[in-house]
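Going line by line, the protein sequences match chains A and B. My numbering puts the first residue of the first sequence at 1, with every later residue one more than the last. My numbering puts the first residue of the second sequence at 1, with every later residue one more than the last.
The hints are simulated quantities; they were obtained by calculation from the structure and are not laboratory data. Keep in mind the model is a prediction, meaning the values are calculated, not measured. Watch out, some of these pointers could steer you wrong.
Here are the simulated lysine-lysine pairs, DSBU-like style, with alpha carbons at most 35 Å apart [claimed, not checked]:
#1 B:K17 / A:K16
#2 A:K112 / B:K18
#3 A:K104 / B:K71
#4 B:K17 / A:K104
#5 A:K38 / B:K69
Stretches of chain A that chain B covers, calculated by requiring three or more beta carbons in the stretch to come under 8 Å of a beta carbon on chain B [stated by the list, open to error]:
#6 35 to 45
#7 103 to 111
Per label pair, the in silico range of CB-to-CB distance [to be verified]:
#8 B:N84 / A:T78: 34 to 44 Å
#9 A:P41 / B:L41: 13 to 23 Å
#10 B:T112 / A:E59: 42 to 52 Å
#11 B:S80 / A:Q57: 45 to 55 Å
#12 A:E59 / B:T15: 44 to 54 Å
Glycine included, each C-beta is placed from N, C-alpha and C at the ideal position.
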Amino acid sequence: AQKVTQAQTEISVVEKEDVTLDCVYETRDTTYYLFWYKQPPSGELVFLIRRNSFDEQNEISGRYSWNFQKSTSSFNFTITASQVVDSAVYFCALSESISGGYQKVTFGTGTKLQVIP
Amino acid sequence: EAQVTQNPRYLITVTGKKLTVTCSQNMNHEYMSWYRQDPGLGLRQIYYSMNVEVTDKGDVPEGYKVSRKEKRNFPLILESPSPNQTSLYFCASSFRGFSPLHFGNGTRLTVT
């Protein structure tokens, strides 16, 4: 069964510090997709990034970067020079194929990031 | 505007009184799903649908029903709500199961 673990329940950093959110996954599939979503205090869920299992290139988008390592089954998310607006709950998710050609999406329990001004 | 619309946003009900939470998307997405969010447990999938008339159980389907008679709509039905179904519910859709999910704004349900 697929599983996503976000061991960090809550993290507090001071503004401008760098912070890394960890995500470890388990799957028996060779083809799968990994995602990060953000849930700010207002409550909506916002897609940040998707990675497929064949693309281990790291991704950088402004202050955000993602490190995908199949060898350690990890898909970590780093925020550089954090800002108060980064305060949110961040979810890692895994989508893999199941029988019948369907896909199943499993979320981690989330990491609450608080950026202190 | 592309969106997933959930209604109502807030709902307070009593044990045993049947209720329906509606979900509609205007993006012609094939995949739709329901999640509940509880403190410390993250988002757990209740049911999902790969297309019209194709639905399957997620991780926590007990006490819930769904239907997918039209591509755009995916209502969540609680036939006999109980207090342990008090939660924040999200509907989501995507083009396919591997595509990024678009979420509704959530429905906060309280069952007393």
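Just tell me: holds or violated, for the beta carbon distance of S80 of chain B and Q57 of chain A against 45 to 55 Å?
-> holds, 50 Å
Is K17 of chain B close enough to K16 of chain A, meaning Cα to Cα at most 35 Å?
-> The given pair, whose Cα atoms are some 50 Å apart, is violated under the 35 Å limit.
Measure nothing beyond the straight line between the CA atoms of K17 of chain B and K104 of chain A; if it is 35 Å or shorter, mark the hint as holding.
-> Distance ~31 Å between K17 of chain B and K104 of chain A Cα, so the pair holds.
Beta-carbon spacing of T112 of chain B to E59 of chain A - inside the hinted bounds 42 to 52 Å or not = Once the Cβ atoms are compared, 46 Å apart, the range 42 to 52 Å for E59 of chain A and T112 of chain B holds.
35 Å limit on alpha-carbon distance, applied to hinted pair K104 of chain A and K71 of chain B | Measuring from Cα to Cα gives roughly 19 Å; hence the hint holds.
Per the hint of 34 to 44 Å, is the separation of the Cβ atoms of N84 of chain B and T78 of chain A within bounds?
-> holds, 37 Å
8 Å C-beta test of the region 35 to 45 of chain A against chain B, three or more residues | holds (count 5)
For the pair supplied as a hint, K112 of chain A and K18 of chain B, is the alpha-carbon distance within the 35 Å limit?
-> holds, 34 Å
Mind checking, does the region 103 to 111 of chain A have 3 or more residues with a CB under 8 Å from chain B?
-> holds (count 8)
If you draw a straight line from the CA of K38 of chain A to the CA of K69 of chain B, is it 35 Å or shorter?
-> holds, 31 Å
Would you say the C-beta atoms of P41 of chain A and L41 of chain B sit inside 13 to 23 Å of each other?
-> Given range 13 to 23 Å: holds, Cβ gap about 19 Å.
T15 of chain B and E59 of chain A - C-beta distance against the hinted 44 to 54 Å | holds, 47 Å
Checked against the numbered hints given earlier, this structure breaks only hint 1.
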